[in-house]
Amino acid sequence: MNQKSSELRRELSIGLIGGVWVLVYFISSLLLDKYKFASWLGVILALLPLPAFLFWVYYVFRQIQGMDEMKQRIYLEAGSIAFVLTVVLVFALGFFERFAVLSPDAWSYGDLWMWLAMFLFIGLALSWRRYR
Amino acid sequence: MKNRLRVLRAERTWTQAELAGRVGVSRQTINAIETGKYEPSLGLAFKLAHLFGLAVGSLNWRRRCCRRWIRAEGAFQSSDGETTTRKSEPTRLLYRSGKRGARYYEYCSTSCPAKRSFGTRAPARARSRLPPALSVG
Numbered sequence: 001m002n003q004k005s006s007e008l009r010r011e012l013s014i015g016l017i018g019g020v021w022v023l024v025y026f027i028s029s030l031l032l033d034k035y036k037f038a039s040w041l042g043v044i045l046a047l048l049p050l051p052a053f054l055f056w057v058y059y060v061f062r063q064i065q066g067m068d069e070m071k072q073r074i075y076l077e078a079g080s081i082a083f084v085l086t087v088v089l090v091f092a093l094g095f096f097e098r099f100a101v102l103s104p105d106a107w108s109y110g111d112l113w114m115w116l117a118m119f120l121f122i123g124l125a126l127s128w129r130r131y132r
Numbered sequence: 133m134k135n136r137l138r139v140l141r142a143e144r145t146w147t148q149a150e151l152a153g154r155v156g157v158s159r160q161t162i163n164a165i166e167t168g169k170y171e172p173s174l175g176l177a178f179k180l181a182h183l184f185g186l187a188v189g190s191l192n193w194r195r196r197c198c199r200r201w202i203r204a205e206g207a208f209q210s211s212d213g214e215t216t217t218r219k220s221e222p223t224r225l226l227y228r229s230g231k232r233g234a235r236y237y238e239y240c241s242t243s244c245p246a247k248r249s250f251g252t253r254a255p256a257r258a259r260s261r262l263p264p265a266l267s268v269g
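If you're matching them up, the sequences are chains F and V in order. In terms of my numbering, the first sequence is numbered consecutively and its last residue is 132. In terms of my numbering, the second sequence is numbered consecutively and its last residue is 269.
All clues given are correct.
Distance ranges between label pairs, derived from CB positions:
no.: 1; chain 1: F; residue 1: R129; chain 2: V; residue 2: R154; range: 23 to 31 Å
no.: 2; chain 1: F; residue 1: G19; chain 2: V; residue 2: T147; range: 31 to 39 Å
no.: 3; chain 1: V; residue 1: T145; chain 2: F; residue 2: V87; range: 44 to 52 Å
Since the hints were derived computationally from the structure, they do not count as laboratory data. Bear in mind the structure is a predicted one, so any value in this text is a computation, not a measurement. Every residue, glycine too, gets a C-beta built ideally from N, C-alpha and C.
Chain F on its own, in the form it takes in the complex (with noise of 0.2 Å):
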């Protein structure tokens, strides 16, 4: 039980610490697209997101170093799996616009980071499958 409670709290706080960067990404996207800044201002509006993205891939590793190596090896198996599900997707992409160029309002490769996570998650859930 208190393993479980452990567990869960680690879960939630690296949910809790990914929607942080998740907002911060927001309102700067947002502050970006509705009111002209400075330069020197939108870059660092622009680059807001990256400290909280840090402190979360951080925060990530700290806790898959405390976790056990079941739980490490299930977590480095979802990072190969989103890892080449990301490259495949990018190729692609790359292969499709040698014949028609995107859209960038269709697609942008700043959305790539959104596939990813959710190949992420695709890797962790079979993952646990395996090993469950």
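Start from chain F and add chain V according to the hints.
The following block gives chain V in isolation, referenced to the frame of chain F:
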């Protein structure tokens, strides 16, 4: 053949959570090891073996039981004088002649999945262990 972890745990009437607590992993990890879905790392295998007072190879790990772990056990004993584990078995070398010619195999038991073929020529480090009649130049 499955590993003996579940049997050993049942003999001591420990729950999976109790065993997990003793070796410092989660209950899910113990469950995955018992059902054969996950092979423990060398470190965890040693912890489990020491907890049950057995040699690491004698827990019948399914895939990479044999050669690697038996050798590692020897190394472990030499680095930790206080540890009392069963003396490791030497790796056996087998010479077989078949339709495709003679081949050398290294293994620790006949059912060992880690059995490894050296082709028609035994490796230099193993040649000294071969019976004289089977020695190759």
